[in-house]
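K.L.:
Read top to bottom, the protein sequences are chains A and B.
Under the working numbering, the first residue of the first sequence is numbered 54, with each subsequent residue one higher.
Under the working numbering, the first residue of the second sequence is numbered 5, with each subsequent residue one higher.
Honestly, I wouldn't trust all of these hints.
Unchecked claim - Simulated crosslink set (BS3-like; lysine-lysine; CA at most 27 Å straight-line):
{"id": "1", "chain 1": "A", "residue 1": "Lys258", "chain 2": "A", "residue 2": "Lys303"}
{"id": "2", "chain 1": "A", "residue 1": "Lys144", "chain 2": "A", "residue 2": "Lys226"}
{"id": "3", "chain 1": "A", "residue 1": "Lys202", "chain 2": "B", "residue 2": "Lys275"}
{"id": "4", "chain 1": "B", "residue 1": "Lys88", "chain 2": "A", "residue 2": "Lys197"}
{"id": "5", "chain 1": "A", "residue 1": "Lys255", "chain 2": "A", "residue 2": "Lys226"}
{"id": "6", "chain 1": "A", "residue 1": "Lys255", "chain 2": "A", "residue 2": "Lys244"}
Since the hints were made in silico from the structure, they are not lab data.
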Amino acid sequence: MSVSHIAPAGTAAPPPAAGTAPRAIVEVRNVTKTYAGGVEALSGISLEFPEGRLTTLLGPSGCGKTTLLKIIAGLIPASGGQVLVDGREVKGPGQERSFVFQDFALMPWASVLRNVAFGLELRGVARSEREAVAERHIARVGLKGFEHKYPHELSGGMRQRVGLARALAVDSKVVMMDEPFSAVDEQTRRKFQEELLELVAKEGKTFLFVTHSIEEAVYVSDRIVLLSRRPSRVSAIIEPKIVRGDDPEKIRRDSAYLDAVEDIWQQLKRYLD
Amino acid sequence: MQTTDVAPTVAALPSVREASRLRDILIHPLVLRIVSFAAVLGLWEYAGRIPLSAAFPTFLETLVGLRDIAADGSLGKAFLITLKPLLIGLSVSVVLGVGLGVLMGLHRPSEWLIAPIFIIAQAAPLAALIPVLTFAYGIGLTAKVLTVCIMAMPVIVLNTLGAVRNTPQSLLEMARSFLASRSQSIRHVILPSASPMIFSGLRLGSAAAFIGVILAELLITPTGIGDIISYNQSVADYPKMYAAILSIIVFAVLFIELLERIEVSLFRPEKRP
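Based on the provided sequences and hints, a complete structural model is requested.
P.N.:
Below, the structure written as structure tokens:
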């Protein structure tokens, strides 16, 4: 486990690991966010997100992790600084990014099939084509046979699978997930975490993940960005060196996993009242 | 770990099962509705037999009156006359009301400009304005159509405004993140999401339109159903008078029920059985 602590005033990007580091597909440069009324949510955040990895934003509640994710998504504008995705500055949402919402954000009047195909529908992809793509992704997240169900007929966990399938269906390079498992029950969440690992390994996409759960962060992440309390800064970047074998259950007993959880807890503790 | 299977003993007892089956029948929606109707009509019949007033016929007398005015064709003719201002006024109210409501919901300045009129109109006792309408537009169709409009439009406009405003923020964000244009957001997210509340406004507006048309027929010039009511009142043929009132109530209820069917079949696929 390597931990690089950034000085509180730090605006510099974290030093990349020597040699083998993949290129940064998302770069956050000195981003600030001040809400109307003067609440400062983010104070000079600089970060890089390596391609093909899962990076988690973790911090005390209300620290602005979701705000940062939505700025990267182009859903809310930054007050200062810039975000580059694939070298291009973010001005709004883009084809190369897709989003998985905390509350699923499914259209209750649309079937699973239409919800999953919605991104493609908005892009003007012909019906038969987009439905074929959607069917593939529905099967992939384990919902085969539920294509013509409506969201209210599904459990919370299944609804989030629909949200995930929708994000995957547009085949973006970067998938952003805002506390995607926080509204599902504990058992389902564990299952999700295991499947997410598999997905990251197979897809070769870059995942940006927001959570407030330390265990979840350590379990799923290649890299964890610890944010401080508001106004938020990067307080540390942690790369748990967990060997992810074939048995996902083993991870939770791995000493590197447990050490990382403990280390992050020690660091976050000081932000609690 | 110890596991004990608890047998479902209750289900095994036949008397309990029979009792619960009886209860299932008793609380069946259709049974309860029939009970509700029977209670009201029974009370009517009873009140008419006391008698409550010489001017209050029993339910059965009213049915005879209804048969008479239906048989001589006067009821059918009256309906055709009453439906004209009703349908014209209601159509104008629906088109203009939903249009203005959507406009205001999407565009704040027009809300500030237009909404106060309807908020005041909804609170004001509009029936008091009917003499003014008569003064300005005479006693013809125009005044009656306008009466229907001023009764029906406020609730349609304000419900539509509220419906559009109440679009879940996360659905709007979802549409934006999947690159929806403004018009795509309106067509694919805002309107479908608003449709239940718009339709509830239409149902309330239709009910108000029925009140409006009968008011107009009683207060401006007696025509149609209003004529049957006021004529039979003047000749003290109360069963026919109540038959006319009953028929318009039944018609209004059926009309509103029909609206609900249309809504479900056109806009709410997830509610179809």
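K.L.:
Taking the hints in turn, state whether each one holds.
P.N.:
Hint-by-hint comparison with the structure:
1. With a CA separation close to 24 Å, the supplied pair A/Lys258 and A/Lys303 stays within the 27 Å bound.
2. Restraint check: the Cα-Cα separation between A/Lys144 and A/Lys226 comes to about 17 Å, which is no more than 27 Å; the hinted pair holds.
3. Only pairs whose Cα atoms come within 27 Å are accepted, and A/Lys202 paired with B/Lys275 is accepted, the gap being roughly 11 Å.
4. In summary, the hint linking B/Lys88 to A/Lys197 is not supported, as the alpha carbons are separated by about 52 Å, beyond the 27 Å threshold.
5. For the hint linking A/Lys255 to A/Lys226, the alpha-carbon distance of about 13 Å falls within 27 Å, and the restraint holds.
6. The suggested pairing of A/Lys255 with A/Lys244 holds, with an alpha-carbon distance near 17 Å, which does not exceed 27 Å.
Of the hints listed earlier, the one the structure fails to meet is number 4.
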